[in-house]
Amino acid sequence: MDFALVVGIEILNAVASLMLISIGLAIIFGMMRIINLAHGEFLMLGGYAAITATKAGVNIWIAMLVVAPLVVGVIGVVVERCVVRFLYGRMVDTMLATWGLSLLLVGLVTTIFGNTTAGISSPLGPVLIGTYTVSLYTLFIVFVAAMVGLGLWLLLKKTRFGLIARGTMQNANMAAGLGLSPPRVYMVTFGIGAALAGLAGGVLAPITGVVPTIGVAYVAKAFITVIGGGASILTGTISASALFGTVNQLATFATTPVIGEVALLLAAIVLIRLLPQGITDRFFRRSL
Amino acid sequence: MPSSRFDRLGLAAFGVLGLLAMFALPVVLETFTLLELTVYVIMSILALSLAFIWGFGGILCFGQAAFFGIGAYTYAIASLNFGESTGAVLLAVAVPALFALALGSFMFYARISDVYLGVITLTVSLILFNLVNSTAGDQYRIGSAPLGGFNGIPSIPTLNVPFMPGSPLDPTQIFQVCVAALMLVYFGLRALLASHFGHVVVGIRENERRAELLGYDTRRFKLGAFVVGGAIAGLAGCLFANWGAFVSPTVFGLAQSAQIIIWIIVGGLGTLIGPIVGCFLIQWLTAWLGALNVINSNLVLGAVLVVFVLMVPKGLVPTLADLATRRARRAAAAPQRGVAGPTQAGSGRVGGLDGIAEEVVK
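For the record, the sequence lines run as chains D and Y.
Mapping of the first sequence onto the working numbering: position 201 corresponds to residue 216, and the numbering continues sequentially without gaps.
Mapping of the second sequence onto the working numbering: position 328 corresponds to residue 748, and the numbering continues sequentially without gaps.
By construction, these hints were calculated from the structure, which means they are not laboratory data.
Glycine is no exception: its CB is placed at the ideal position from the N, C-alpha and C atoms.
Among these hints, one or two may not hold up.
Cβ pair distances, simulated, as ranges [to be verified]: (1) 732/Y x 268/D: 48 to 56 Å; (2) 560/Y x 296/D: 20 to 28 Å; (3) 561/Y x 228/D: 26 to 34 Å; (4) 746/Y x 168/D: 48 to 56 Å; (5) 285/D x 747/Y: 47 to 55 Å; (6) 199/D x 432/Y: 50 to 58 Å; (7) 189/D x 522/Y: 42 to 50 Å; (8) 704/Y x 143/D: 54 to 62 Å; (9) 189/D x 530/Y: 29 to 37 Å.
Covered by chain Y, per the in silico footprint, the following chain D stretches (three or more residues, Cβ under 8 Å) [said to hold, decoys possible]: (10) 209-216; (11) 278-286.
Hey, can you work out the whole structure from these sequences and the hints?
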């Protein structure tokens, strides 16, 4: 029984982590139909922002939950203005340009912080479940993922900005005809996507530590999850994360972490083969 | 079937340059420089493999390194087992080609394209990386060759004179073999592109539906192109494994695949000569920056890629060729009657197959 609970928590944790690292990319993909391959580096920057702020004396919770998203959100807006906005509608070109950007950021951060692992200790202790210990921080990550999902749903569904954003997403020309400015919506959306990547990077930093090259580990998974999820931002990401996270953890428990990773990737390949447009192309079609 | 005099000149120049490199450079250069050049040449072959399937077949493969790695590992394992390199080389081309056949059938017959194809190929190379990376330990061996996991496979036998394991090639001869392989691949691809098969492949890139309506089974042609690309990448992997006598899982890595894409973008998508130029330039730049040790080479590479996508989207070779053609045309249009206009304008792009593509599409 305790074991089942522990496995359940680990699965929840895997799903939540996948969702956190993918949601920023999903927003950018869902709204603008572009793939930001510098996404992994946004997470990496979030991690560095959180760690640097903590070491400078900022409270760790503020550093992770406020400083990291703010810093990376600003960086995202700058990137959008300087590079991405010239490339809307050219998916492959944006992928290439943002790939270049990711190399550039890796190089820049290596120059500044050096090629070593930086870290902060996890702020929450362990809890006992029967004879097993589980880090309380794991539960905190699940909580953050849930809050991000809920917050995003409220933002898109209940606010004026959300209405404008969804309208622009459906028909940019019509939105422009109604006097809105799609370029501005895109800029803000890109900023929000980047900020969420920063948040994820900050929250995950105590677990993983950060090195300049950590983005590579994230971006492929996020990319796969977003494409697997399909066009709907929230439902797509959540359903793909749930599927891949569960497959990953079950395989990990049954065999080794490596096989778990491979099982996740194989699941993604099979999914894309069966549903090339993602889960939400077939199921939950009218969802957000 | 070179479409213009310009093209024929380019082909001849490539042949002469290649022969010169093969026989003059070993005399002039020190062995160390020659070794470094050898890896440039090997990577150029790898660049050509993606240049063909992406630039002419329109298939953006984010995991071309998978075939490169499979070729390298196949050569390593086979040559360690056989104690002789001839069969190993053949296998190192055949196995990646078969893998490309399997993966390609899986993708093209499901009509997967564009970014989805990119995700699948990327994922496949990640799977290979993960699997091979975790095979450290003595229980993982194929025949007498331990896989070595993240440690890689050391002391791979060098190429030998076919069927004579007693006489391995020296570095100069390896260099010559690599240049010969590059020329073979280049001329082979040119011939392939000039054939009926090549025309159809380019036609599919231009307009897949139209090619289909003309009665071509586009899936089969794309698969064919993909397999050719896989085989060439395997050949490059085989030469790479035997250049350093060492192979490790990084050959499957994302960084390796990214490099190939950068070479092509810088040199020029849709040409064959461009990616070779891009490959040489970028590798030279990386080596130079590494030696200089002032600025991080990732930073520069990234900046180069961003700048090229934004400002020189066609890549170096087509942009320069365009400039040259425009110059020549202007010179021909100028009122100096005595000067013969060198342009048979129109399809004057080096290595470009615009003419052929138009021919197919029209």
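Violated constraints from the hint list, given by number and in increasing order: 2 and 10
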